[in-house]
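**Student:** Single-letter residue listing:
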Amino acid sequence: MIEHRLGRAALGALGIAAFIALAELAGRIGLVPEVVPHMSAVLATAAELPLEAEFRADVLATLAACASGLAIAVAVAVPAGLLLGTVPFVERSVRPLVEFLRPIPSVSLIPIAMFLFTESQDAKTALVVYTCTWPVLINTLYGLTDVDPLAKETLRSFGFGPVAVALRVSLPSAAPFIATGIRIAVSVTLIVAVSVELLAPGDGGIGAFQSLAGSANRLDRMLAAPLWAGLIGLAANLLFTAAERRVFRWHRARSGAAS
Amino acid sequence: MSAGVSKGGGVSAPVAVRRSSFGRRLVWYWLLPVAVACWELATRSAQAAYFPPPSLIVGRLHELWFSGPVTRAFLTDEAVADLLPSLGRLFAGWAAACAAGVAIGVALGRSRWLSALVEPLLHFGRSVPPTTLVPVFLVLFKIGTPMQLASIVYGVVWPVLINSMDGARTVDRQYIETGAVYRLSPWQRLTRIILPGASPKIFAGLRLSVSLALIMMIISELVGSSEGIGHRMLEAHSQFDIPAMWAGIVLLGLLGILLNAAFLGFERVVLSWHRGARS
Numbered sequence: 113m114i115e116h117r118l119g120r121a122a123l124g125a126l127g128i129a130a131f132i133a134l135a136e137l138a139g140r141i142g143l144v145p146e147v148v149p150h151m152s153a154v155l156a157t158a159a160e161l162p163l164e165a166e167f168r169a170d171v172l173a174t175l176a177a178c179a180s181g182l183a184i185a186v187a188v189a190v191p192a193g194l195l196l197g198t199v200p201f202v203e204r205s206v207r208p209l210v211e212f213l214r215p216i217p218s219v220s221l222i223p224i225a226m227f228l229f230t231e232s233q234d235a236k237t238a239l240v241v242y243t244c245t246w247p248v249l250i251n252t253l254y255g256l257t258d259v260d261p262l263a264k265e266t267l268r269s270f271g272f273g274p275v276a277v278a279l280r281v282s283l284p285s286a287a288p289f290i291a292t293g294i295r296i297a298v299s300v301t302l303i304v305a306v307s308v309e310l311l312a313p314g315d316g317g318i319g320a321f322q323s324l325a326g327s328a329n330r331l332d333r334m335l336a337a338p339l340w341a342g343l344i345g346l347a348a349n350l351l352f353t354a355a356e357r358r359v360f361r362w363h364r365a366r367s368g369a370a371s
Numbered sequence: 029m030s031a032g033v034s035k036g037g038g039v040s041a042p043v044a045v046r047r048s049s050f051g052r053r054l055v056w057y058w059l060l061p062v063a064v065a066c067w068e069l070a071t072r073s074a075q076a077a078y079f080p081p082p083s084l085i086v087g088r089l090h091e092l093w094f095s096g097p098v099t100r101a102f103l104t105d106e107a108v109a110d111l112l113p114s115l116g117r118l119f120a121g122w123a124a125a126c127a128a129g130v131a132i133g134v135a136l137g138r139s140r141w142l143s144a145l146v147e148p149l150l151h152f153g154r155s156v157p158p159t160t161l162v163p164v165f166l167v168l169f170k171i172g173t174p175m176q177l178a179s180i181v182y183g184v185v186w187p188v189l190i191n192s193m194d195g196a197r198t199v200d201r202q203y204i205e206t207g208a209v210y211r212l213s214p215w216q217r218l219t220r221i222i223l224p225g226a227s228p229k230i231f232a233g234l235r236l237s238v239s240l241a242l243i244m245m246i247i248s249e250l251v252g253s254s255e256g257i258g259h260r261m262l263e264a265h266s267q268f269d270i271p272a273m274w275a276g277i278v279l280l281g282l283l284g285i286l287l288n289a290a291f292l293g294f295e296r297v298v299l300s301w302h303r304g305a306r307s
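Protein sequence lines correspond, in order, to chains H and B. Start counting the first sequence at 113; every next residue gets the next number (our numbering). Start counting the second sequence at 29; every next residue gets the next number (our numbering).
Hints listed in this document are in silico derivations from the structure and should not be mistaken for laboratory results. The structure displayed is predicted, hence computed values, not measured ones. One should not assume that every hint holds.
Stated by the list, open to error - Below 25 Å or equal to it, Euclidean Cα-Cα: the simulated SDA-like pairs (lysine to any residue) are:
no., chain 1, residue 1, chain 2, residue 2
1, H, 264, H, 329
2, B, 170, H, 140
3, H, 264, H, 172
4, B, 170, H, 147
5, B, 170, H, 259
6, B, 170, H, 329
7, B, 170, H, 148
8, H, 264, H, 250
9, H, 264, H, 142
10, B, 170, H, 151
11, B, 170, H, 342
12, H, 264, H, 187
13, B, 170, H, 242
14, B, 170, H, 142
15, B, 170, H, 136
The whole structure should be built from the sequences, with the hints applied where relevant.
**Tutor:** What follows is the structure, given as structure tokens:
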């Protein structure tokens, strides 16, 4: 099993090396347009970027907007989902409203957000909140339909009120689904934050860094930024997946999922 | 889910029952008009500059895009100039990315070592926020359709590719072996066993891709375009035409709802055998 895994990892590393070599070769023999810098140049620029204080500040600005937006979204969506999920009347009434608001693409709100918030950082955070609220809310609601009715009845028969039942039974049992919702939300935060930064680069950020690199005609820097953004996205995804596995081991054991 | 149930019941039930169950579902939409009315009252009394009342937004929406002659389905010149290029790029980019994603994904998924070779690369490619490549495409292709198509394709292709690969990899071995016993040709094996077996996963990827395509269409038009809905909204932004900006948001929201509903309908038709086999 471990050998098998090692083999896969080695093949994967080989794939990455082959891709880099092929991209470099394509640049050298002129398969790609002249303006595109060679792969080696992009990698060299990317390796130097973390040494620049400017770039570090830009990355931090983007991540701060993503993290605070996500935190606010969770703080709003989970209690809202709990309320909706435990009071059927409210759920059935609000559902159509949610289904109408959810498909509004968050990036279509950028022009209006640029008016509403004078600081680009606030506009970014607000849009991240909007984007993250829906997957967290929907997954909370979905998780609440999966709560064991026997556990709820047991608590009720011991004289616990509806709030206690919601907090002690419904919330913990919906928690794995909420975590999935958060993981889905995380993957979209960077997309939205960078979109705002491209259009309103006032307060820095990865998108603002790219705008600046673009006006200086430095395509290698423009390409090095997505490289780092990809690594950050990958790291965030791995982190959240690992945390989910660790925290909710009991859930997987109960539902009998294999992976 | 509930739609499927009521549809199934409607086959044998009298029309009256069907109508009343439809009415009962419609009752639960009571909050929508109430919310719109509250929004109208609140914005009228507050006179907030950035939040025009919905009546004004709908008026602007109608005036901008849907007050044309009957012969052109009420579309105005602006609607033809804005919506057609946007929708054309959306569908072209989405279709190209899906076709490529499914084809490459299934091919990779059928080979154990090929999928191991490219898996880390694919997960990295998927993790790169597609919006960070929009400025790069802008430099490579200049403002215009190719740059927008590239943005949409890059945004859409990864979830489709990775899910197709997963789906093709996890097709039940027994089906493949049964196919070998019946001496199916490679083409038959692909179309009769592998694609149907992988289709639930493929559709999971396609479902994700619909909203991503819309996002990438909008952002690519906001950043680099001289036409389209996104460009029109940016124009409204620079002219301080707040109702027009909201009209754009409403239009894109409606587009999102329509695309989702259309896709779910399509999925229900194509995957009906799958649900039938499981229940």
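**Student:** Now tell me, hint by hint, if it's right for this structure.
**Tutor:** Now the hints, each set against the structure:
{"no.": "1", "hint": "H:264 <-> H:329", "verdict": "violated, 62 Å"}
{"no.": "2", "hint": "B:170 <-> H:140", "verdict": "holds, 23 Å"}
{"no.": "3", "hint": "H:264 <-> H:172", "verdict": "violated, 44 Å"}
{"no.": "4", "hint": "B:170 <-> H:147", "verdict": "holds, 12 Å"}
{"no.": "5", "hint": "B:170 <-> H:259", "verdict": "violated, 53 Å"}
{"no.": "6", "hint": "B:170 <-> H:329", "verdict": "holds, 13 Å"}
{"no.": "7", "hint": "B:170 <-> H:148", "verdict": "holds, 14 Å"}
{"no.": "8", "hint": "H:264 <-> H:250", "verdict": "holds, 21 Å"}
{"no.": "9", "hint": "H:264 <-> H:142", "verdict": "violated, 67 Å"}
{"no.": "10", "hint": "B:170 <-> H:151", "verdict": "holds, 21 Å"}
{"no.": "11", "hint": "B:170 <-> H:342", "verdict": "holds, 24 Å"}
{"no.": "12", "hint": "H:264 <-> H:187", "verdict": "holds, 24 Å"}
{"no.": "13", "hint": "B:170 <-> H:242", "verdict": "violated, 31 Å"}
{"no.": "14", "hint": "B:170 <-> H:142", "verdict": "holds, 20 Å"}
{"no.": "15", "hint": "B:170 <-> H:136", "verdict": "holds, 24 Å"}
Hint violations for this structure: numbers 1, 3, 5, 9 and 13, all remaining hints satisfied.
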